[in-house]
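Given the coordinates of chain A, assemble chains B, C and D onto it according to the supplied hints.
Residue-level listing of the chains:
Protein chains: 4
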Amino acid sequence: MKSFRDPVHNLIVFQNEDQVVIDLINTKEVQRLRRIRQLGLGNIAYPGAEHSRFVHSLGVAHLMRRFLDALREGHDQQMNDLQRDLQDYRTLALSSALLHDIGHGPFSHALESVTKVRHEQFTVGILRSPTTEVHQVLEGVQTGLSERVASVIERTFDPSRALVKLLSSQLDMDRVDYLLRDALMTGAGYGTFDVEWLLHAMRIGEVDGEPEVGLDLKKGQSIAEDYIMCRYYMYLHVYFHRTTRAAEVMVEKLLQRAREVQAFLPGFDALNALLKGRLQPTDEQSLSLYLQLDDGIIWTAMHLWSQHEDRILRDFSMRLLHRKIFQGIDVESEQQGFDLIQKMEQRAMAEGISPDYYVIDDTAASHAYHDPYITSAGSLSADAFTPVPQGASESIYLFDETGHPHELAESSFIVKAVRNRRVYARRVLFPEEWF
Amino acid sequence: MKSFRDPVHNLIVFQNEDQVVIDLINTKEVQRLRRIRQLGLGNIAYPGAEHSRFVHSLGVAHLMRRFLDALREGHDQQMNDLQRDLQDYRTLALSSALLHDIGHGPFSHALESVTKVRHEQFTVGILRSPTTEVHQVLEGVQTGLSERVASVIERTFDPSRALVKLLSSQLDMDRVDYLLRDALMTGAGYGTFDVEWLLHAMRIGEVDGEPEVGLDLKKGQSIAEDYIMCRYYMYLHVYFHRTTRAAEVMVEKLLQRAREVQAFLPGFDALNALLKGRLQPTDEQSLSLYLQLDDGIIWTAMHLWSQHEDRILRDFSMRLLHRKIFQGIDVESEQQGFDLIQKMEQRAMAEGISPDYYVIDDTAASHAYHDPYITSAGSLSADAFTPVPQGASESIYLFDETGHPHELAESSFIVKAVRNRRVYARRVLFPEEWF
Amino acid sequence: MKSFRDPVHNLIVFQNEDQVVIDLINTKEVQRLRRIRQLGLGNIAYPGAEHSRFVHSLGVAHLMRRFLDALREGHDQQMNDLQRDLQDYRTLALSSALLHDIGHGPFSHALESVTKVRHEQFTVGILRSPTTEVHQVLEGVQTGLSERVASVIERTFDPSRALVKLLSSQLDMDRVDYLLRDALMTGAGYGTFDVEWLLHAMRIGEVDGEPEVGLDLKKGQSIAEDYIMCRYYMYLHVYFHRTTRAAEVMVEKLLQRAREVQAFLPGFDALNALLKGRLQPTDEQSLSLYLQLDDGIIWTAMHLWSQHEDRILRDFSMRLLHRKIFQGIDVESEQQGFDLIQKMEQRAMAEGISPDYYVIDDTAASHAYHDPYITSAGSLSADAFTPVPQGASESIYLFDETGHPHELAESSFIVKAVRNRRVYARRVLFPEEWF
Amino acid sequence: MKSFRDPVHNLIVFQNEDQVVIDLINTKEVQRLRRIRQLGLGNIAYPGAEHSRFVHSLGVAHLMRRFLDALREGHDQQMNDLQRDLQDYRTLALSSALLHDIGHGPFSHALESVTKVRHEQFTVGILRSPTTEVHQVLEGVQTGLSERVASVIERTFDPSRALVKLLSSQLDMDRVDYLLRDALMTGAGYGTFDVEWLLHAMRIGEVDGEPEVGLDLKKGQSIAEDYIMCRYYMYLHVYFHRTTRAAEVMVEKLLQRAREVQAFLPGFDALNALLKGRLQPTDEQSLSLYLQLDDGIIWTAMHLWSQHEDRILRDFSMRLLHRKIFQGIDVESEQQGFDLIQKMEQRAMAEGISPDYYVIDDTAASHAYHDPYITSAGSLSADAFTPVPQGASESIYLFDETGHPHELAESSFIVKAVRNRRVYARRVLFPEEWF
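Residue numbers (the numbering used here), protein chains in the order written: chain A, 25 to 459; chain B, 25 to 459; chain C, 25 to 459; chain D, 25 to 459.
Here chain A stands alone, though its shape is the one from the complex:
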């Protein structure tokens, strides 16, 4: 038995029956997540938001355990097939919950723009690689378990679709933990919901023959609305925060520039491989290097690059280290955006610096994920950090007493309003001193 204290969930306990979780926590791949902040540069705007992907991963495993235990204890309703099914996959469910983020690199978003590989691919690469400790622990428990965890994370695990949904859908344990945790750590007061009631109201049901994670119709509607509103506010105020977005884009530009000028650093094998474009999730050597990357390496590189001969690399490094973040001006019309960009580009050229780096047209909509509750189609990424893989369930269902599903936006005028809302977050970014 192993217990942790946690600011979000208070007490996190894994009993001996879940020893696999304890063993996985002790692997170096999971320990690495201690050195990667969940919100990347989110703490630039919300100074308390300094928590790591490690503590988030613990939280997701904890919520998964609570949900499975609640199913087991719910003596009232006959346990149905879907629930029994989930119980059978307890070890798989807990392992997947704990490991769902092990492929994240530092400043995930910016890194992906350089690797051109989504972090999920690294996650499954790490799970499948026979040299990783997580692979070894999983195989030690059950032959083939690492592959099954990979398929849950890839959303292709067919024996229990409910399990897949529990980890990745509109209402999954990953989101529940990160929303609660990000809300607490940022101190953003509107971003909370009652997780006790949410767990109390959660149900496994069926929609068009496919298992879905949903909520009890009577108990769940208001908490579902509250949860959706929480997500909405977290995007509005935290994830798309002007300064945080600007800082993230600056890291992206920094890494692009480092790649462009091939700014290798002696001894930084992982970073150098990254800059050479050699980090691939299917290659053992690559994975081993990738697993060395963490926030500290990128920050240290900035320290070293702040004396690099390339002026742009030097300048971006120092700006990020000293929090001289670009100013972001909202683009409110095509014309105003066009004019502003043109004006700033002329300014850049007048100062003899490259507009490619110093005048940035940032649309938060640059990612492909479509989330019907947050955005209208095509307008905007709903999740700046974790683009959800294809096929994620795009709806939340409320199940009535007969088990019949009701799509949330159909029953809730509030969710309907949020769904139809177009969110724009296009901004022109440029050095603060030009403002």
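Honestly, I wouldn't trust all of these hints.
Copies of the same chain are indistinguishable here, so a pair counts whether it falls within one copy or spans any two.
With a Cα cut of at most 35 Å, we get these calculated DSBU-like pairs of lysine-lysine [as the list claims (entries may be wrong)]:
no., residue 1, residue 2
1, Lys-242, Lys-348
2, Lys-52, Lys-300
3, Lys-367, Lys-243
4, Lys-26, Lys-440
5, Lys-52, Lys-243
6, Lys-243, Lys-140
Worth flagging that the hints you see were computed from the coordinates, not collected in a lab.
Below, chains B, C and D without anything else, positioned relative to chain A:
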């Protein structure tokens, strides 16, 4: 006006009258604190405790502002000289509160064992150095302000002894913030006290002609006890946690070894200067290098050292990165300690490795601070992280209606009990696999 | 100076400058509110919701004080005329806040259906009556103060319209306290919002030449939405709770019956006067009797009436004492409602009991208040307990940097959605055993 | 299944397997507890403390269920005999937890001084009486269950001593709930402890062949200390609060006077029987009357008595209704107490009023309960409200890995200090206007 959200204090606001705080926050020396965790390796035992010295510093400035505002608003009691005095030094008080930790390096404790310089000396060095941004901001407000801040931090500022005590005594804003913050972030449920009531009960009084920060006798005794108990529990469970202590000692050993084998890293100017023993708080060049140090650099060095030719350096680096922390066994008698050390040293020699590094006799009492509320004389450091400079007020006073002071341990049998308590935290540390 | 502890606001302090508040708290008219529960029978559905109108009144006075202090301390923005104006009326503002509910009787709603007098009329009657302690305290402070407090509560105080709005509008201190308090006490997790941020974002502005209490446009939109959502949920789940509504209607019927059968009780002068229809807010004698009414008297009457010769009175008394509350069935169509009522009436007649008492067509829309944020016109009362007097400001405004007001529902698609929502709460109530 | 929201425990759920709890909640004897405040007149000093014995009883049943579920789920340690034993008595345990307070009257303390019967005797009387609903529900579940519940409450149930201890010992579910609840409702910030950790650390062990409820030695010591400190503070600041104590003594005097002058009220059968000394826990008729008593009846009696011909009864009634509570002066020496009493008695006689009623020598130590953690022998009642029956376990034990018990005060210097502390709360009470 500038506002921050914070998990501890919710809303932190600095109005325009306190513009200096906003300007100081934007300096690179203060921004550096974002990259240094308040509890060093505290998150090894409490995964949520990942907060930085930056957010703590904001919290201390916030508490100082609240206290000063409360004095101003307390229309009831005639504002006495001591209070008026504090109001006059508002800018100084807020600046000192925000800046009190800027001299901290990464893993403060371990670093000091290598630099042989206390972090406070770097703090005052940074304040006095004309090249730092904080110095420039302070002098821009008022000539000589940087020196006055330095003297508050050195506890030598005579015009207002109350101000000195507010920042550094048994009951100061620094402690109040870090206890609350560490308690929240660790999730350690016993470590809380009611900060609203504490601020409500705080008083500036006089003891033997010297101003002291204390509490109202009637309102303050229970909250003072609660605060002392909170400190006691935080030491017992968090600051002296077996695994955290072991990890800290391992970082100390790592840096010692790196120094011994002169394990310089190309481009790591600050770290190399550290290993060469060249970081001095009075030297401009040194200070500039020192200000580059942060947690990320040390972690990155471990990545690089994990391929170093020195076996010990390599091994310690990997153990720390992958959280293979030494086991700690309590020493319960001289004899048992002696036997255990001897046994482990033989084991080390049998394996051909150095007992100097692999068998460690760790007494948490290695620091000089005497805190009458926590320890009996000479037994043990009360504060593993922030050794308080000489002359810190060693008592908390309760002031009655006439202003007469009552020493807390005299009025409180609980504090008396805590004071007389000897705390031992001597442990023998060695590789976990020998256990 | 006087301080209170409070589960909602933690520490409530009134300094000597606000001595009037302390003196008013000690009057018997304010002390009476300790014996009247804020939510009447709300604890029937939410067992923790047992708080009194007394502690709510303290909370409103506390919030008012905080708001006034915040205005005074906001040195940043020039204090404008509207703000200066409010400061001038500090004593009036605090007194009005504390006293706004003194005219409430027990089970306010039900009582008003018998007295045919709104509780506000008793409030102003009590203020104006020279025999009450509150009148005497107010006049002792300032001649005419009691009249001014009355006019604030009647919303006719012209010298400071802002003050009137602070106590009674869409965003007033009364609502802020009761929403927070009811949410905490019921334990209803969705009913919370961040009061610190709300106070931080509140502004006094001008709309069409009339002062209005509103919010800063940039800071206030999300918190305003959160506040509106909180109200929405509290109505949905707490104030219109099926069982609570049924119990309230039963008390109404009980009192009607007692009046019908003139069920006087020896010594119960106040209750007997009520049953005789003699309680008038303008009559000294009446007021004095009215001020004896409290929850305990009604409950005790039920004890006595449970042995009354009238079968209906006896039955309703026992049902309420033993929580045998009527079942409530939602009316989903005119036809279904008609059928259900007919069926139940036949049942009643078959059992030889009066359908007038045992089959109740309860529409929560029976009150006149139109709240654009909660209901569409004419559909439903938004506030089952405190019908807001005519002329209450019906909008919340967000003020931009130039002071220009933006109506909340215009800027917020969420509030717009809530506003256009029709809420039905029509139910047929009848004895549970018929279900 | 039935769920409740609660400000203390958030969500309280009883599944169908515990249907008996739901049925018992619906009895009129349990419903009566809604009309009796847990802290009697505690809200006089802490205005938020208005919660009833009903919601407390729900909380105790909830904690009992959580503890039993935790035992069942603790798959790690083999479930031992003591635990299996407790599981067997699940229905009994939950029923006893819910019903432990049904014998409480209004203002329990004061009432007992008139009835000369402890409330526990009424509790068991009610359980045994075939006419009560609780008796009938219990017997409906299992013949003899009502008697078994009675014996648990009388502490004579031998088949499971652990069950008895869980409900009544130094560390029982009753205390855990009331301390948490009273702390939350009063807003008294020092009175909290981490109930999650407490439940996590609780163990059933054996001491001298007798089952005891205790804590894990490693995990439990600090939380045990915190719990003991919480109790200490709640006594110091809440339960023995000067004004609350004075008000309670005044109610006692009021009832004594009413008895003395035989101030019967028409229709108040229960109260009149009380004044006649006819309420006996073993008499059906008596019980039925006793079960009509609630706070409202006493308050209503005061309204009526405030016009009684007896001057003392009239005066006490009005003082209590309007919160003109007697002043309490601490007796710091025999001589000072003697002098003060003499002075006040002369004052009373000069005013022609009875010193027996107007000058009260109140020692909070008047009850027999000896609690080694709070008081030294003979000094003072530790529990002004619930004198614990003889034979209550007087110690808390910490169980080590081998199951060996360590008495808490032996391992904890803090508890030792609290235990040896003498607490005096002797005060002279008299009308405030004489002060």
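Now for the hints, and whether the structure bears them out:
no.: 1; hint: Lys-242 with Lys-348; verdict: between (50 Å within a copy, 23 Å between copies)
no.: 2; hint: Lys-52 with Lys-300; verdict: both (25 Å within a copy, 31 Å between copies)
no.: 3; hint: Lys-367 with Lys-243; verdict: between (54 Å within a copy, 30 Å between copies)
no.: 4; hint: Lys-26 with Lys-440; verdict: between (43 Å within a copy, 31 Å between copies)
no.: 5; hint: Lys-52 with Lys-243; verdict: between (42 Å within a copy, 28 Å between copies)
no.: 6; hint: Lys-243 with Lys-140; verdict: neither (43 Å within a copy, 37 Å between copies)
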